[in-house]
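Undergrad: Letter by letter, the chains look like this.
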Amino acid sequence: DVKVTQSSRYLVKRTGEKVFLECVQDMDHENMFWYRQDPGLGLRLIYFSYDVKMKEKGDIPEGYSVSREKKERFSLILESASTNQTSMYLCASTPRPLQGATNEKLFFGSGTQLSVL
Amino acid sequence: DQQVKQNSPSLSVQEGRISILNCDYTNSMFDYFLWYKKYPAEGPTFLISISSIKDKNEDGRFTVFLNKSAKHLSLHIVPSQPGDSAVYFCAASADNYGQNFVFGPGTRLSVLP
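Chains as they are written, first to last, in the numbering used here: chain A, 500 to 616; chain B, 133 to 245.
Bear in mind the hints are in silico, worked out from the structure with no lab data behind them.
All residues carry an ideal CB built from backbone N, CA and C; glycine is no exception.
Check before you lean on any hint, since a few could be wrong.
Residues of chain B clear of chain A, computed beta-carbon distances all greater than 12 Å [as the list claims (entries may be wrong)]:
#	residue
1	134
2	137
3	160
4	174
5	188
6	194
7	195
8	202
9	203
10	206
11	208
12	210
13	245
Have a look at the derived ranges for each label pair, beta carbon to beta carbon [claimed, not checked]:
#	chain 1	residue 1	chain 2	residue 2	range
14	A	581	B	171	26 to 34 Å
15	A	579	B	210	43 to 51 Å
16	B	163	A	555	14 to 22 Å
17	B	140	A	552	40 to 48 Å
18	B	226	A	525	47 to 55 Å
19	B	172	A	576	35 to 43 Å
20	A	583	B	171	24 to 32 Å
21	A	581	B	187	41 to 49 Å
Next up, chain B with everything else stripped away, as it sits in the complex (with noise of 0.2 Å):
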């Protein structure tokens, strides 16, 4: 059973939209969260991340917002633009040494111009 689960396998908006990608894990004991962009033929390039004592993390036009309670996290990004267009992945940790790290599917997301 998958511990972090990305339950929109695509998802297509306008340039200049906001773009809302969701995240919902299992495990309890997960403490950090990260998002990973990934373009066709290259490596995952980190994004943002979050600290379970936090419940929102923002760099320019990205922001992770964190729900403990409800174990979900999201990822806004305003305004979209068309390089945005990759596949996103959500990765939990469960400790403080960097060795665990769980990725959700993946979300694809497409910026229409």
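Isolated chain A (complex conformation) (with noise of 0.2 Å):
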């Protein structure tokens, strides 16, 4: 089974802080994913990576950067905490799909509740 492991289950910050949410998937996978989850919102990609050292911009980069140094760890940073970043961070991975395959899923990890107080 595909295994996406994110490395805190719930943190609580200060505003102003760094943060770190750290994800780690053990498939080979070449895409991988930060999402953030908020009530009446649903999923809204943060960034995403499909290769290493490689990365883009989803619906709502502001205020967050990324990280992939290595195929299977993408990590996602909050240069300075705020009250609005509170909410639930999942990280999810997809392989490429080889050409004329069916379109692949994602695998999600458990997510990180993050409260910035």
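Put the two chains together into one complex; each comes in its own frame, and the hints tell you how they fit.
TA: Dropping the structure here:
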């Protein structure tokens, strides 16, 4: 089974702190994603990466950055945490499908509930 | 403006009856659709998917129907069980490389015993 592991289930941080959220997948997937989930808004894409050292902005990248130094690891960084970044953060991965293959699905980690006080 | 909409924030159904969760989308380029289930404090888990070349896909108690002309899909759960109580997200993709999934806001399903 694919395993996507997020390092923390719950985090409490202070406004202005630099926050690192770590995600590791064990299935050699090329694509990795960071989403945040907020009630009534669903999952919104923050950043994604389709290869080592590659990154692309999602729909809501402001206030975040990412790092993909190794294929299996994708880190989300909150440069200066703010209260409006209190949310559930979800990491996901998916392989790059072969040409003609059916579309792949996202495999999610268990999530990190971040509270910024 | 949301490209994927789930207009019912919540739904309650009696155990054993059918649950129907609806999803509408606006982008005609979407060609692949998925449903995810999410329990509190857990990550979403994949439930079922459908490609735009089909209008129905079935997996056990779960069936997804796609109406491309109406840009509408629905998830049917028959029979509903208390363990199905969760938030259900509809997601859509516009390319074949799994990179751009757009999620709806979710519908909270409660199955009452």
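Undergrad: Failing hints, ascending?
TA: Failing hints, ascending: 1, 2, 4, 18 and 19.
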